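*Asks:* Chain by chain, the residues run as shown.
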Amino acid sequence: MINVGSYFRPQTIEEIYELLSNSKQPTKVLAGGTDLILHLHKAPEPVNIVDIRGIDQLRSIEEDEDKVSFGSMVTFNQIQMSKIILDNYKALAKAASLVGSPQIRNQGTIVGNIANASPAADSVPALVAMDAEVLIASKYGQRWERIEDVLKGINNISLASDELILEVSFKKIPGLRSGFAKLGRRNALAISRISGAVGIVTNNNFITEARVALGAVAPNPFRSHLIEQALVGRSLDEVISDSVLEVASLAVAEKLGNRASAPYKRQAIKGVVRQALEDILHV
Amino acid sequence: MSSFTFKATVNGKSVELNIATNLRLLNLLRDVLELTGTKEGCGEGECGACTVIVDGEIVNSCLLLAAQVNGTEIITIEGVANGHEIHPIQQSFIDKGAVQCGYCIPGMVLAAKALLDKNPKPTKEEIALSLSGNVCRCTGYAKIAEAVEDAAHKMSS
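Protein chains in written order, with this note's numbering: chain C, 1 to 283; chain Z, 284 to 440.
Treat the hints loosely; a few may be bogus.
Stated by the list, open to error - DSS-like cross-link-like pairs, simulated, lysine-lysine; straight-line CA separation at most 30 angstroms:
{"id": "1", "chain 1": "C", "residue 1": "K270", "chain 2": "Z", "residue 2": "K426"}
{"id": "2", "chain 1": "C", "residue 1": "K270", "chain 2": "C", "residue 2": "K255"}
{"id": "3", "chain 1": "C", "residue 1": "K152", "chain 2": "C", "residue 2": "K139"}
{"id": "4", "chain 1": "C", "residue 1": "K255", "chain 2": "Z", "residue 2": "K404"}
{"id": "5", "chain 1": "Z", "residue 1": "K290", "chain 2": "C", "residue 2": "K83"}
{"id": "6", "chain 1": "C", "residue 1": "K28", "chain 2": "Z", "residue 2": "K290"}
{"id": "7", "chain 1": "C", "residue 1": "K90", "chain 2": "Z", "residue 2": "K290"}
{"id": "8", "chain 1": "Z", "residue 1": "K404", "chain 2": "C", "residue 2": "K83"}
Calculated directly from the structure, the hints in this document are not laboratory data. If you're wondering where the values come from, they're calculated on a predicted model, not measured in any experiment.
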């Protein structure tokens, strides 16, 4: 049985703030619900639900000269199909397209993916690779925080009970080419065992800037400066090479130490990074 | 648990009811509206047996509170046929031998319908992708995919 107390569907952001700060009972923000509904099956006491789907401005994806941003009701499907995302950062569209299933992608949101803070959240490596930020808001004010900084461990995000995420934003990188790969136990409806987002900027066929983030390796997805440094200076003709993939293996070994999954993931990461690079090079 | 006034269109008909806030869409359909074509296979969004169409998109009804889909247009398997006239997709499923135990079929048919309503001439890959959230334990999927292809040909000619 799902343990829900009262259900609210505010019409404005201010109403959301009031509901979150006035509530004396456990209260959760509901965006898509593909994670939250399952948590509510196990909730020990009734949880009040603040459903934010009534607020249209949270459904938009926007860009200006410097950055791309989107609201907390934007679904995986919207991101997957968005021209703004495809033009500016394909890896995010690719990551979104690989989450769950069409049904999940129609309902689930990127912000829910972030807030649930699963180690295997697929959109998060793509966002972390770009140093993406979230706008955290409450009745008392708003602030931007880097996603990598607010994720504090497995299913742990640093958000107070009266706060919610309104928006995600990342700075555009001119000339960026990006790819994403996910290794799961099957082709759909799969939780990532490892995922990787890679972005590169090239000049005359040589990589001048690289962004790499890995998911389902550490408690939260992280940017790997080790792998980024191994890519910078490489020519595109020999970027998919044993030496680069060995560095990826080392980066994973460092994070996993003696964990049972380490021997498998140290090898599997090579395939994931290879696929992410192939995704960029359209091999 | 509190109550909520639910208003939506289900299979073309207006529905207005008082429901509990914790009622899943799946249970609204099966237990309150007695539309038992929608099935609970896993209860966690991993099998697609509970698939319904909400405002033109397929979703897992086990992962939605009925309250979340207030004000929307919902189509279940019962709403696919036109009275006694079955839908070409349903006919193709029969013609191609795509139905064994039948448990996954409502979800499969709705996933196919949502696809063909948007994309009348899908490729084999697009068909497979559109069905990728629906699990079948009996058929091995081949005849289901053929049925969708068959329906697409029929419907677009």
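*Asks:* Hint by hint, say whether it matches the structure.
*Replies:* We went through each hint and held it up to the structure:
no.: 1; hint: C:K270 - Z:K426; verdict: 36 angstroms, violated
no.: 2; hint: C:K270 - C:K255; verdict: 15 angstroms, holds
no.: 3; hint: C:K152 - C:K139; verdict: 23 angstroms, holds
no.: 4; hint: C:K255 - Z:K404; verdict: 47 angstroms, violated
no.: 5; hint: Z:K290 - C:K83; verdict: 34 angstroms, violated
no.: 6; hint: C:K28 - Z:K290; verdict: 23 angstroms, holds
no.: 7; hint: C:K90 - Z:K290; verdict: 39 angstroms, violated
no.: 8; hint: Z:K404 - C:K83; verdict: 22 angstroms, holds
Violated hints, in rising order: 1, 4, 5 and 7; the structure is consistent with all others.
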